[in-house]
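Colleague: Here is how the chains run, residue by residue.
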Amino acid sequence: MFQVRRSPKVYDVVVVGSGAGGGTVAHVLTAMGIEVALLEAGPMLNPARDFKEHMWPYQVDHRGAGEGGAWYFGRQQWGYFNAPNGYWEIEGEPYTTAPDTSFRWFRSRILGGRTNHYGRISLRFADYDFKPYSTDGLGTDWPITYEELAPYYDKAEAFIGVTGTKEGIRSAPDGVFQPPPPPRVHEILVKKACDKLGIPCIPARMAILTRPLHGRVACHYCGQCGRGCITASNYSSSQVQIFPALKTGKLTLITEAMVRELIADSEARVTAVSYIDKRSRSERQIRCRTVVLAASACESARILLNSRSPRFPNGLANSSGLVGRFLTDTVGFSLTGHIPALEGLPRHDCDGFGGMHMYIPWWLWDKKNKEFPRGYHIEIGGGFGMPGIGSFHGACRRHEGYGRALKEAIRREYGSFVHLAGRGEMIPNEYTYCEIDPNVVDRWGIPVLRFHFRWSEHELKMVEHMRQTFTEIIETMGGKVVNADRGISTGGTIIHELGTIRMGDDPKSSALNRYCQAHDVKNLFVADAAPFVSNPDKNPTLTINALAWRTAEYLAEELRKGNV
Amino acid sequence: MSEDFSRRQMLQQAAFGAFAGVLSAEAAQHVHHAVAQEKRAAGGPYKPKYFNAHEWRTLVRLTDLIIPSDEHSPGAVAAGAPEFIDLLCSQNAQLAAIYTGGLAWLDREAVRRHGKQFADATPEQQTALLDLIAYRKNHSPELGPGIRFFEWARKMTVDAYYTSKVGIADLGYKGNVGMTEFKIPDEAIRYALKRSPFGAD
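Protein sequences appear in the order of chains S and R.
Per our numbering, residue 1 is the first one in the first sequence, and the count goes up by one each step.
Per our numbering, residue 1 is the first one in the second sequence, and the count goes up by one each step.
Check the hints yourself; a few may be wrong.
Quick list of in silico lysine-lysine cross-link-like pairs, BS3-like style, CA-CA up to 30 Å [unchecked claim]:
#1 S:LYS192 with R:LYS183
#2 S:LYS196 with R:LYS194
#3 R:LYS183 with S:LYS52
#4 S:LYS52 with R:LYS165
#5 S:LYS370 with S:LYS166
#6 S:LYS368 with S:LYS166
#7 S:LYS166 with R:LYS183
#8 S:LYS52 with R:LYS155
#9 S:LYS191 with S:LYS480
#10 S:LYS52 with R:LYS174
#11 S:LYS367 with S:LYS480
#12 R:LYS49 with R:LYS137
#13 S:LYS196 with R:LYS183
#14 R:LYS183 with S:LYS191
#15 S:LYS480 with R:LYS137
#16 S:LYS480 with R:LYS183
#17 S:LYS191 with S:LYS370
#18 R:LYS49 with S:LYS52
To be clear, the hints were calculated from the coordinates, so they are not data collected in a lab.
Sequences are here, hints too, so could you generate the full structure?
Modeller: Shown next, in the form of structure tokens:
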């Protein structure tokens with residue numbers, strides 16, 4: 001008879017996924033002396049080998065366009081110099097979309113997941129973000145309040161290091177901050193424009209060190225956070241949480257482990273995690289006392305939906321039938337302005353952080369009768385970036401021509417653009433969810449996800465408000481919008497997908513309780529963004545860190561009490 | 001320009017000095033490897049990987065016209081734009097077809113108008129033809145293929161140029177060196193404010 005290879009050892013906690021959620025859980029639990037096994041679907045990360053920080057484009061013969069100029073044909077999935085951490089399309093690991101649906105799913109397959117490259121924007125949710133239904137009658141309230149999560153925001157910020165200033169703005173609660181770097185020239189102009197328009201513009205909250213912390217050195221301001229930081233001066237779960245956790249001797253890391261399903265017994269307890277060892281293409285099982293899913297919102301939902309048995313025909317922890325539902329992404333919209341005041345700006349090094357030094361938090365939270373519910377924040381880009389493939393395609397399109405005139409125009413305009421990117425709240429709707437595609441499996445034999453996605457009027461109206469506001473800011477700076485034809489982002493492309501295994505007090509309307517523990521399966525927890533009840537206009541990573549921290553402490557206490 | 005460049009090199013050395021304490025041996029090895037690759041790419045007369053001798057001569061002339069050298073800086077040929085295009089075409093049949101087709105179109109058009117292939121035409125004849133295909137507004141069934149090809153040649157020449165050492169120096173990009181404390185020169189702030197609607201403080 002066929003026998004699956006099972007680990008002889010029963011781990012106290014098996015964590016699936018090594019991103020912001022899995023990294024935080026592994027860090028918190030191993031620091032308490034609890035034995036953790038961490039499964040990662042991709043390979044080990046080796047920053048010295050994998051990161052292309054400080055490389056010039058001319059140091060590779062294709063200059064970053066990829067072999068055969070893949071970039072020009074839309075076949076390069078992520079910037080060549082970016083941290084090697086993920087893809088929109090993975091060979092042999094497809095997903096499908098329903099007819100008439102546009103949705104793209106970014107997956108990461110390496111230790112640290114998307115935290116190796118992400119924007120490091122670290123924003124707390126506001127108090128009202130936990131009460132969306134009470135505020136405007138749409139969506140659902142969270143089972144927890146800001147006050148309940150605040151101590152964990154404190155812990156997460158103090159540990160990973162976040163810059164910022166105390167501002168007392170309700171939409172952007174203050175935290176435990178390191179001092180921010182000063183603004184760049186274009187950010188000073190945006191701030192002046194905002195002052196005139198009555199819009200706040202404040203130092204950005206970024207998970208980047210300006211002061212040494214826990215043995216990590218401060219930022220060296222090369223502007224290349226997205227390539228991965230060799231000095232770990234920005235937060236990534238791989239370098240900041242998992243490498244140190246490995247040194248405790250309490251963490252067993254298993255890479256190339258693609259989880260297929262959770263094995264549950266008749267008592268509705270998970271006894272083992274079944275995964276495919278990608279190297280040998282064979283199934284293994286790792287036995288566990290408890291399991292924490294942190295594979296990313298959609299991947300975690302996929303695992304639960306694929307964990308079917310006669311006892312759980314709809315998948316594990318899914319008696320509500322809601323796993324995969326309430327999927328949202330962030331509303332994305334951006335405009336670029338040409339600012340004549342910046343033309344001919346004396347050249348200087350403004351690399352700074354990889355990303356903005358200033359940002360615009362939402363400012364109309366108490367305005368009644370807006371054209372749309374909820375809000376957005378604005379991210380600011382600009383400056384003298386390191387030139388790369390595509391940097392001047394806009395100039396080619398606008399100026400056309402060739403020769404000295406084109407060369408002079410590019411030189412004159414270099415550094416004179418400001419990019420404003422809106423990041424807004426999408427409200428869950430019944431047309432947006434993921435489910436198992438009944439017809440398709442991936443190369444490991446695991447049934448894949450099928451996505452349904454639709455923006456509603458709320459999001460489309462919000463984007464029109466962004467368009468007006470960004471145009472106003474750019475024109476107040478004396479500039480002109482150069483790409484007015486932009487529209488709302490494609491679902492999934494802001495890479496803030498979440499909400500698929502949501503928490504709540506009522507097992508009929510949620511899959512997890514207020515501690516992100518499954519209502520149906522007491523030794524099952526979720527620690528990525530799947531438990532989120534709403535998708536406020538704040539990038540989710542810091543809240544993943546905080547919520548995972550809280551979940552890990554609760555899990556440790558339940559283990560100690562013998563409740564799980 | 002040369003003053004800027006040497007200043008940057010100095011900063012770069014200083015920066016690498018600063019990083020020395022924190023770069024692992026393996027990371028240092030990685031940097032050395034990248035630099036070695038770059039050195040291998042230089043030196044010796046270039047043998048096209050994909051284009052025949054005539055196509056190569058035409059491509060070199062075309063990229064030279066798109067980004068010429070001027071009193072500020074060398075142009076696209078010095079920046080290795082023809083080599084960049086040749087390399088990618090040697091790896092990608094779809095891209096190669098765009099270039100061989102486009103270069104042949106240029107030749108046929110030059111012969112039709114001036115009785116000479118593009119590379120052999122006078123500079124005036126060459127720019128007269130480019131002046132037609134360098135603008136979308138000139139689109140016609142006759143010029144359509146030329147306009148589409150020129151968009152490819154222009155954007156890839158521009159990419160190659162501004163990702164090269166000479167192109168980066170032309171722009172005056174001063175970064176990728178690292179700083180211990182982030183600072184913006186007051187002079188730059190004053191310059192922008194004075195020119196902005198907000199005025200200098």
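Colleague: Given the hinted pair S:LYS367 and S:LYS480, is their alpha-carbon gap at most 30 Å?
Modeller: 28 Å, holds
Colleague: For the pair supplied as a hint, R:LYS49 and S:LYS52, is the alpha-carbon distance within the 30 Å limit?
Modeller: With a Cα-Cα distance of about 27 Å, the restraint between R:LYS49 and S:LYS52 holds, given a limit of 30 Å.
Colleague: Can the restraint linking R:LYS183 and S:LYS52 be considered satisfied, given a maximum Cα separation of 30 Å?
Modeller: With Cα atoms ~25 Å apart, R:LYS183 and S:LYS52 stay inside 30 Å; holds.
Colleague: Measure nothing beyond the straight line between the CA atoms of S:LYS480 and R:LYS183; if it is 30 Å or shorter, mark the hint as holding.
Modeller: Holds: S:LYS480 and R:LYS183 sit about 28 Å apart, inside 30 Å.
Colleague: Take a quick look at whether R:LYS183 and S:LYS191 sit within 30 Å of each other, Cα to Cα.
Modeller: Given that 30 Å is the threshold and the Cα spacing comes to 18 Å, the pair holds.
Colleague: Given the proposed pairing of S:LYS368 with S:LYS166, does the C-alpha separation stay at or below 30 Å?
Modeller: 26 Å, holds
Colleague: Hey, S:LYS191 versus S:LYS370, does the alpha-carbon distance stay inside 30 Å?
Modeller: 24 Å, holds
Colleague: Would the pair S:LYS52 and R:LYS174 pass a check requiring their Cα atoms to be no farther apart than 30 Å?
Modeller: 19 Å, holds
Colleague: Under the criterion that the straight-line Cα-Cα distance not exceed 30 Å, is the pair S:LYS192, R:LYS183 satisfied?
Modeller: 19 Å, holds
Colleague: Take the C-alpha atoms of S:LYS370 and S:LYS166, compute the straight-line distance between them, and say whether it is at most 30 Å.
Modeller: Roughly 28 Å between the alpha carbons, so the hint for S:LYS370 and S:LYS166 holds.
Colleague: Decide if the proposed pair is consistent with the structure: S:LYS52 and R:LYS155, CA atoms, cutoff 30 Å inclusive.
Modeller: 24 Å, holds
Colleague: Please verify whether S:LYS166 and R:LYS183 have alpha carbons no more than 30 Å apart.
Modeller: 22 Å, holds
Of the numbered hints stated above, the single one contradicted by the structure is hint 12.
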